[in-house]
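J.: Residues per chain, in single letters:
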Amino acid sequence: LTTEALRRRCDPARLHFETTAGLEDLPEGLGQKRAVDAVRFGIGIRRYGYNIYAMGPSGMGKHGLVRRFLEKQAASEPVPSDWCYVASFAETHKPRALRLPPGRAVAFRRDVDQLVGELKASIPTAFESEDYRTRKKLLESQFAEKSERPFVEIEREAQERGILVVRTPVGVALAPARAGEAMDPEEFLRLPAEEQERSREEMKRLQERFQDAAATLSREARRHREAVRGLDRDVTAFAVGHLVDDVKARWGDAPDAVRHLDALREDVLEHADDFLEGVRAGGGADALAALLSRRPDSGSFRRYAVNVLVDNSACSGAPVVYDDHPSHANLVGRVEHLAELGSLVTDFRLIRAGDLHRANGGYLIIDARKVITQPLAWDELKRALRSRQIRIESMAQTMGLTTTASLDPEPIPLDLKVVLVGERLIYYLLAEHDPEFLELFKVAADFDEIVPRDADTELLFARLLGTLARREGLRPLDPGGVARAIEHGARLAADAERLSVHSESLADVLREADHVAAAAGRPVLTGQDVRAAIDAQRGRAGRLHERIVDEIRRGTILIDTSGARVGQVNGLSVLQLGPVALGRPSRITASVRLGSGRVVDIEREVELGGPIHSKGVMILAGFVGARYTADRPLSLHASLVFEQSYSGVEGDSASCAELCALLSALAEVPIRQSLAVTGSVNQHGEVQAVGGVNEKIEGFYDLCAARGLSGDQGVIIPASNVKHLMLRDDVVEAVEVGRFRVWGIETVDQALELLTGTSAGARDDAGRFPDGSVNQRVESRLEALAEKARSFGGRAEGAAAPPGGAEGAPDLRR
Amino acid sequence: MSSRPGPIVHRIVVALDASPASLSALDAAVDLAERTQGEVLGVFVEDVNLVRVGRLAFAPHVSLPSGERDELDEAWVEAQLRSLEARAGRALRAALERTRVPGAFRVVRGSVTREVLAAAGSGELLILGCASRPLTSRPRIGRTARAAAEEAVGPVLLLPEGARLGGPVVVIYDIAGEDALGASARLPDADLLVLAASTAPGEAAERARRASRALEILGVEGRVRPVWHDDAVRLRRILCSEPKGLLVVGAGSPLLTGAGLVSLLEDAASAVLIARRGKAPD
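So the protein lines, in turn, are chains U and B. Heads up: the first sequence is residues 116 to 929, going by this note's numbering. Heads up: the second sequence is residues 95 to 376, going by this note's numbering.
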């Protein structure tokens with residue numbers, strides 16, 4: 116391949132700008148039309164379930180792009196209502212939610228606080244007024260008159276009848292009297308019998324009258340209490356009425372506020388005594404007793420507080436909220452508790468908003484991975500979206516684990532758009548396993564990390580780089596820097612005709628290039644800076660690669676890069692370790708002997724090979740059978756192995772190399788060890804594209820370079836992979852001076868010819884391969900093996916046919 | 095040259111029956127004795143009428159306010175008296191220990207009114223709580239308090255239930271104003287407001303001038319305000335609007351005539367000191 120094919124360069128001369136500072140921003144990202152349209156659609160449609168899942172690899176800039184879109188849209192939308200929680204005077208455990216005009220919740224709290232403050236002054240004043248005292252005194256006088264008169268009359272009558280009324284600690288006693296004092300028993304007994312009897316009768320009659328008077332007293336006391344209560348209520352209503360009405364007049368446009376003020380007035384009328392506590396109660400023990408007997412939301416002014424849950428006074432449009440930690444409580448809010456006298460207590464003032472509250476009326480952005488990994492958060496989010504209301508419950512309540520009496524705040528209506536941002540895998544898993552997911556997240560915005568590379572997109576890519584640099588506060592790039600970054604973008608995409616728009620990776624390079632440029636004192640990022648940053652990244656990640664090359668060079672890992680060997684070929688694999696991909700040469704060997712058509716994949720036998728690798732081996736067995744022994748049994752036992760491989764092998768990218776090794780072994784034609792091969796092969800011998808081709812070539816190049824480039828060394832790759840080549844500069848330079856080579860092939864025959872230096876050979880009209888060709892030698896060897904097998908009477912090792920398999924057919928069990 | 099008179103009392107007699115009102119009176123007595131470096135004599139009277147009722151096996155009894163009927167017996171009455179006596183004694187001892195005021199507790203058996211008045215003769219001031227064991231919620235003046243207000247030879251301090259000493263002292267300077275002013279001047283650290291009261295505007299002003307002069311002679315600071323009023327009812331209303339801890343009235347004041355004392359205690363809702371020139375203590 117020519118050097119142009121090994122790395123598609125970007126010519127800075129085609130970039131007609133001085134630096135990226137002069138380029139416009141690319142706010143919608145590059146190549147994201149599908150995703151952007153989906154986001155626009157999702158934002159625009161205000162229907163149930165049209166929430167958005169923005170998917171794509173992490174680091175794509177999805178979050179930032181979605182947020183910018185939402186903020187732009189939200190700015191033109193109305194500011195949503197404020198929300199407060201207040202005490203429910205009827206049901207104290209069910210705090211009421213108040214919807215208030217946007218940005219006015221704090222003012223409402225201030226008004227109510229002020230109102231209560233004024234009530235604290237006006238109610239005691241009303242109760243200390245002359246008018247109240249007079250009316251109350253009148254009631255008390257009337258009561259005293261009604262309740263005392265019977266007792267006074269009884270006492271007077273008793274006095275007239277010679278009976279003394281004596282107060283006891285618990286009531287009154289009656290005794291015969293003389294000279295205003297009770298008689299001694301002896302004195303009484305000295306009275307005439309008639310006198311004694313008369314006294315006894317009088318005392319009995321007076322006792323009954325006292326009983327009647329007591330009953331009257333009880334009745335009158337009840338009436339009196341009711342009358343006093345009515346008076347207190349009237350006085351309180353007078354003191355409260357105009358104050359509440361004044362506040363109501365200011366909140367006429369907020370029905371919830373007006374309703375609450377009405378309820379507050381009724382409660383104040385019922386609990387006027389609370390406002391008189393300071394007047395009537397003392398301190399010290401009284402205060403302690405009051406504290407001990409007080410519930411959090413009653414018996415004090417705390418019940419009149421306003422808990423501002425959502426204050427949108429700082430908003431100029433609909434809110435856009437990003438929940439960085441979408442736990443259950445952070446989403447739906449929580450009810451906090453306070454330690455008070457050794458126990459935990461709470462009331463409506465300790466209700467705290469969640470992000471659903473804060474985003475209500477706007478947009479909420481959540482990381483999908485975070486919300487599904489937080490206990491119960493995903494279920495709670497779905498429940499809120501489904502029911503379209505926010506119900507504040509603790510996790511224990513949600514799970515039914517607690518029966519402790521707690522608050523049950525009134526749910527708040529929910530109207531918002533949720534945007535989940537996450538990876539595609541999570542989207543597909545949720546779609547597969549959660550039946551509610553697609554119902555609630557109908558809009559998928561799929562962000563593509565790869566865009567086609569052409570002149571237009573290269574210019575857009577430059578704008579993208581400029582946008583990233585500006586956003587990160589970095590130096591702008593000159594055309595050389597952009598060109599180098601474009602080539603890096605193609606390398607990240609592993610495709611010379613594509614560009615990666617993975618913004619985090621690009622931003623990393625720009626940040627590090629900026630660091631280099633800063634050290635060099637350059638005002639712009641040049642190609643030199645970008646290359647230095649990329650090389651430094653590679654260098655930081657290169658420990659393992661260098662170690663592998665070193666061990667090969669030292670002969671610990673046996674890889675030949677010169678000479679020729681039968682049944683042995685250099686394959687290439689890629690190790691993916693986190694973000695680092697490195698190419699590693701591997702020795703693949705094949706051995707053959709008489710057998711029953713079985714090609715053994717040793718990796719599979721020892722369970723180190725994955726299914727795709729096994730599939731590749733089976734395909735090559737099929738190829739051998741079909742090409743060389745279509746009309747006779749395949750009397751072969753072959754084994755293939757990745758030498759010195761101690762971990763798993765997966766993928767079919769070595770199947771071409773394995774086939775070459777097998778055919779070399781059969782034909783007994785040596786393979787040049789200065790070459791390495793990658794590519795998969797199909798049953799027709801066509802070589803197919805594989806992944807990681809750049810890393811594979813570079814991996815073999817590094818080994819050869821370490822041993823010394825001879826000019827014979829090179830790598831054979833599928834022709835269909837040529838478009839993916841974005842090789843390192845040093846590799847390209849080595850090719851340019853003829854010290855290293857890369858070939859693109861379409862068939863296994865081409866690989867055989869390059870590897871063996873011998874013609875592969877094609878069948879002539881008689882169906883025979885040319886003498887001396889690799890194919891002819893293979894075919895002859897297989898014929899010879901078949902003959903030997905026949906001479907053994909079909910009892911060659913492994914001759915037992917597989918269940919359901921045809922005699923002589925390749926054993927495909929592996 | 096003026097000279098402030100010495101403290102009004104050296105020995106304070108307080109009647110105790112363990113009721114809330116009498117315990118308030120005890121607090122007031124101890125407080126006053128502490129400020130005047132005086133002493134307190136607590137008197138608990140075992141009501142002889144109650145003792146006799148207990149001995150009259152047939153004497154009917156009605157519990158209030160339940161109205162339940164039963165009969166008393168001597169043992170129950172004696173037990174009740176012992177209990178009340180013990181409570182009263184404990185309250186007195188606790189108050190004396192708290193304030194380190196010297197004092198004594200005396201228990202006598204007899205007619206309550208007679209024994210209290212007799213005990214009052216051994217001190218310069220008698221303090222009584224009002225409204226002990228009321229039949230109704232209305233403040234009442236018991237027989238003993240009424241008798242003491244009318245018959246005691248020296249000054250009597252009446253404390254309605256809940257009232258406390260402290261705050262301004264309001265002095266009624268009417269026809270009995272000299273007694274009231276003289277007693278007030280002996281109160282330690284008193285913030286005096288002298289109301290020169292008369293039913294004639296001109297006379298009220300003249301009376302105010304006399305009160306000022308009297309204060310000057312006594313060497314006592316105080317504010318003087320003429321108060322013109324139609325009658326005693328109107329004057330009681332004026333008194334209601336004045337913040338006060340103690341109201342001082344001369345024993346010969348028209349405010350105390352008839353049901354005046356009861357009304358005064360009801361309306362003023364503060365302690366009332368009925369001042370009269372007393373004799374030397376026994």
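Keep in mind the hints are simulated off the structure, nothing from the lab. One or more hints might be untrue.
Said to hold, decoys possible - Derived lysine to any residue pairs resembling SDA-like cross-links, with alpha carbons at most 25 Å apart:
no.	chain 1	residue 1	chain 2	residue 2
1	U	Lys252	B	Arg240
2	U	Lys252	B	Ala151
3	U	Lys319	B	Arg240
4	U	Lys319	B	Gly161
5	U	Lys319	B	Arg328
6	U	Lys252	B	Asp283
J.: For every hint, state whether the structure bears it out.
T.: Hints, verified against the model:
{"no.": "1", "hint": "U:Lys252 / B:Arg240", "in the structure": "holds, 22 Å"}
{"no.": "2", "hint": "U:Lys252 / B:Ala151", "in the structure": "violated, 42 Å"}
{"no.": "3", "hint": "U:Lys319 / B:Arg240", "in the structure": "violated, 30 Å"}
{"no.": "4", "hint": "U:Lys319 / B:Gly161", "in the structure": "holds, 14 Å"}
{"no.": "5", "hint": "U:Lys319 / B:Arg328", "in the structure": "violated, 45 Å"}
{"no.": "6", "hint": "U:Lys252 / B:Asp283", "in the structure": "violated, 33 Å"}
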